[in-house]
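**Q** Protein chains in written order, with this note's numbering: chain A, 1 to 373; chain B, 374 to 746.
Careful, some of the hints might be misleading.
Unchecked claim - Within a straight-line C-alpha distance of at most 30 Å, the following computed DSS-like cross-link-like pairs (lysine-lysine) qualify:
hint	chain 1	residue 1	chain 2	residue 2
1	B	Lys415	A	Lys366
2	A	Lys19	B	Lys711
3	A	Lys366	A	Lys269
4	B	Lys667	B	Lys739
5	B	Lys415	A	Lys19
6	A	Lys19	B	Lys663
7	A	Lys263	A	Lys290
8	A	Lys26	B	Lys428
9	A	Lys19	A	Lys42
10	B	Lys667	A	Lys26
11	A	Lys338	A	Lys82
12	A	Lys106	B	Lys392
13	B	Lys455	A	Lys26
14	A	Lys42	A	Lys106
15	B	Lys711	A	Lys55
16	B	Lys455	A	Lys52
17	B	Lys455	A	Lys82
18	B	Lys479	A	Lys26
19	A	Lys26	B	Lys739
20	B	Lys479	A	Lys366
21	A	Lys338	A	Lys106
22	B	Lys392	A	Lys26
23	A	Lys42	A	Lys55
24	A	Lys26	B	Lys642
25	B	Lys399	A	Lys42
26	B	Lys642	B	Lys658
27	B	Lys428	A	Lys106
28	B	Lys739	B	Lys663
29	B	Lys428	B	Lys455
30	B	Lys415	A	Lys42
31	A	Lys263	B	Lys667
32	A	Lys42	B	Lys455
33	A	Lys263	A	Lys285
34	B	Lys711	B	Lys667
35	A	Lys263	B	Lys399
36	A	Lys42	A	Lys82
37	A	Lys82	B	Lys479
38	A	Lys19	A	Lys294
39	A	Lys55	A	Lys19
Just so you know, these hints were derived from the structure itself, not from any lab.
There are 2 protein chains.
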Amino acid sequence: MIYFDNAATTLIKPDCVIKADEYALKNLSANAGRGSHASAVKAASIVYEARKSVKSLTNCDDVIFTFNCTDALNTVIFGTAKRGGHVVTTVYEHNSTLRPLTELGKRLGVQFTAVTPNNHGIIDPSDIERAIRPNTYLITVNHASNVTGAVAPVAAIGNIAKRHGILYMIDGAQSVGYLDADMREIGCNYLCFSPHKGLHGTQGLGCLCVRGNPPLAPFRFGGTGTASHTLEQPHDIPEGFECGTLPVQSIYSLIAAITHYNKMSLSTKRNLSLCGDTLREELLKIRGIKIYGKYNNLPNIVCFNIDGMNAASVGDILSDEYDTAVRCGLHCAPLGHKVLGTINTGAVRASLSYHNSLSEVEFFVKAIREIAK
Amino acid sequence: MIYFDNAATTLIKPDCVIKADEYALKNLSANAGRGSHASAVKAASIVYEARKSVKSLTNCDDVIFTFNCTDALNTVIFGTAKRGGHVVTTVYEHNSTLRPLTELGKRLGVQFTAVTPNNHGIIDPSDIERAIRPNTYLITVNHASNVTGAVAPVAAIGNIAKRHGILYMIDGAQSVGYLDADMREIGCNYLCFSPHKGLHGTQGLGCLCVRGNPPLAPFRFGGTGTASHTLEQPHDIPEGFECGTLPVQSIYSLIAAITHYNKMSLSTKRNLSLCGDTLREELLKIRGIKIYGKYNNLPNIVCFNIDGMNAASVGDILSDEYDTAVRCGLHCAPLGHKVLGTINTGAVRASLSYHNSLSEVEFFVKAIREIAK
């Protein structure tokens, strides 16, 4: 089986991640931050170590562990909301940003502007700046589009956010593990991602990284293991934002995933770029193939259509006849597909990871060539 | 090490649960409900099977998978909220119910009445009924107190809820896996629990069971893999409530956990009751021990204090000198501790599971006897 749906989740995990998860399940999964007995303290120390790993990865001040990236994005969007305020974002956002913003419109009259990309498919920072209004309190930008892989000029936008004194969030769902996501360099206040994608961690965990003590109101309310005498939710980061039991095994395996990523050889990274570039170049040679997003792309995402074919049909043939997994349709990113002109047809997304090989790419290109005939 | 903190989380998981988690991580963890390729379909079928398992366990119509029980409780409390409405609950609720209700008071002016138990430490259904007001829209009751283990007369309260046409939620965090939690028999609309407690599943998963098509508005907003063209959150259960990637490995291991629970021998269950009863009876014989909640208790929770000692000190001695884990303090249940008169001292909670033995109970009783001297 060829798995080219790594932008949805990386199916193949490093051994060290699987072993860490299993070890924690067997030995370490007490309730972190609840109770002072040895096993609870040990679990808490694992969570502490994982926070340190994430801090070193993203250069953040603190980390809130969540259910997934969507949960992290919701926490920021609802936790920074200002009645009657305005948010600047882009058409490349996932529904995990666009739908909470739409809901905010109903609850608090928050409006948002979704900036469109330039002719090269890239968000222009000056368009972000032009979209700012006097009541804009948040800029939120997808670091890399999950549709085309287009990378946003996040540091330039960071300068704009700083200059205007506006909070700034990055959706790092697709970027973390493939691009540098240093919050200081980007100049953002919040960075959300989920380890089960580019970092090849396990599902069931999201990370909300914060930097520079930005405002944040709790999204979920409940037991925090702190200030238990009061019915008021503590607002401390991270405790006030981590109600209920955390998944210690996923958090322990995140340490392994980050260690694995940090130790990754240059040749592994180069292999991914080579695979992605080859895929892109070889698909372009096939008659009737249209590729979306040609400039400044993630190394691992190639999005395309075959003339006259519905994306879903291409995906079905790939799955049924070539045992190959891609993601077809709208990728939960309707505004991006509207701009690409693919809102009705969808598109085929092939997304690679470090485990894919050039021979898989060759097989895939051959398959597409046959389907396109 | 003796682990008597199973009400926080069960540290020792059955082999089948660990193996299932590991197998799913290695082989099955595509993105369930996202994409139509074979591995995504396989992941979706696992989620479907897990829903079936939960349905057969709780007699519910549908299951929403969440981060943990707190996340499930938040989903119902915020998803049923009525501006200016009133909620009836009990002092035995966990902060995962009380804190969202407190927040609702600020957001929408929702008020709540927390009913106190009778002299036997049990909630009287007639007190629930007396607390109902014309604007009461929800009754929410902790099936079993996480402090004393006191079991609420949930079916009798269910009759009251039905008679008054009021929505009814059960917090099954402590009960599921130790008591029957059949939603039809209870007559509730929502039942929340987390598999990592009584069912000995893994952390990082909660279940929100619904029955009888009750109203529910989404709590989290984002990609659902459905209706991707629209920025409006679908309200379908479960899709509209499961935004972002689900933890397939935890969901797969839940099937194993429920199978393991269903196959559990009568002697295993009797052993737990014997251990709990023995612990309770033997502690009562020690001078200066006060036990909280003597009637209609869970088999596995015994909550007590030693005269003149702070609960935390007892816990520290147990951990340091006896390598024994209990949970001391307020157990995130401040109103219950107020009623018990332990809001300043806290209490010691010993909570057992099916893995504990009578010899551990004997060791523990001896330890408490020595500490109490």
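**Q** In ascending order, which of the hints set out earlier in this document are inconsistent with the structure?
**A** 2, 6, 7, 10, 12, 13, 14, 15, 16, 18, 20, 27, 30, 31, 32, 33, 36, 38
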